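The whole structure should be built from the sequences, with the hints applied where relevant.
Sequences listed follow chains A and B, in order.
What the first sequence shows, in our numbering, is residues 1 to 138, in sequence order.
What the second sequence shows, in our numbering, is residues 1 to 60, in sequence order.
Calculated directly from the structure, the hints in this document are not laboratory data.
Chain A is faced by these chain B residues, among others (derived, beta-carbon under 10 Å):
hint : residue
1    : Glu4
2    : Tyr13
3    : Phe15
4    : Leu23
Each pair of labels, with its calculated beta carbon distance range:
hint : chain 1 : residue 1 : chain 2 : residue 2 : range
5    : B       : Leu37     : A       : Val27     : 17 to 25 Å
6    : B       : Gly46     : A       : Glu109    : 14 to 22 Å
7    : A       : Glu109    : B       : Arg60     : 23 to 31 Å
8    : A       : Thr60     : B       : Ala45     : 46 to 54 Å
9    : A       : Leu61     : B       : Ala45     : 40 to 48 Å
10   : A       : Gln102    : B       : Leu48     : 26 to 34 Å
11   : A       : Ala106    : B       : Ala49     : 17 to 25 Å
Covered by chain B, per the in silico footprint, the following chain A stretches (three or more residues, Cβ under 8 Å):
hint : region
12   : 36-43
13   : 121-127
The structure presented is a predicted model; accordingly, all values stated were derived computationally and were not measured.
The C-beta atom is built at its ideal place from N, Cα and C for all residues, glycine as well.
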Amino acid sequence: MKIKGIVAMFLGWAVPGLGHAVQKKYVRALIFFVSIFAMIGLGLAMGGKIYPVYLEKPRTLLEVFINLFKKENPLTILAFFADLGNGLFYGLARAIGWGAGQLERATFEFGTAYIAGAGLLNFLVALDAYDIGAGKKS
Amino acid sequence: MIFESHLLSMVVYAFFVSLVLALIRRPDNKARLRYGLFLFAAMTAGALAFGWFMFLFIKR
Numbered sequence: 001m002k003i004k005g006i007v008a009m010f011l012g013w014a015v016p017g018l019g020h021a022v023q024k025k026y027v028r029a030l031i032f033f034v035s036i037f038a039m040i041g042l043g044l045a046m047g048g049k050i051y052p053v054y055l056e057k058p059r060t061l062l063e064v065f066i067n068l069f070k071k072e073n074p075l076t077i078l079a080f081f082a083d084l085g086n087g088l089f090y091g092l093a094r095a096i097g098w099g100a101g102q103l104e105r106a107t108f109e110f111g112t113a114y115i116a117g118a119g120l121l122n123f124l125v126a127l128d129a130y131d132i133g134a135g136k137k138s
Numbered sequence: 001m002i003f004e005s006h007l008l009s010m011v012v013y014a015f016f017v018s019l020v021l022a023l024i025r026r027p028d029n030k031a032r033l034r035y036g037l038f039l040f041a042a043m044t045a046g047a048l049a050f051g052w053f054m055f056l057f058i059k060r
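Printed below as a string of structure tokens:
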């Protein structure tokens, strides 16, 4: 693995499009940035939820893993991993308190899907930035 | 409230996903345009077709 690719991948995950921007792929970077943030913004405006991970004072790494699934609906762990793809925005949203989810709204499910979809797309964008940095594609 | 129409929500979602995937998965602009349009059409038509399929099971 090449360092340049890894750095680009990390930057691309942290801020959508940044991994491409540092490799002078400005047009693609701008399109990725606008698209992914538009999806996140629309998702939040629709009352979508950003899923947190609950850690109940774990003492070992195994307990951290087990706690991930101690929820009313363990499948929300998948939504958590998808949301995590939004990079620094995920941490920012959790810190500010955005994305609590408005279950009573008709648009809640679609909003949640927008936010999770943006995260999954950003994972792919970050991997694409790695491929460019590693010289696998242009 | 925005996007109360699920159809509009789905079309906009399909647009963004098609745009990003076309840029990632195809090397030149012509191929990107074709692939992006194909993805957008497949997602939109697929969702509409599945929506009508579910209509068969509606409780009256």
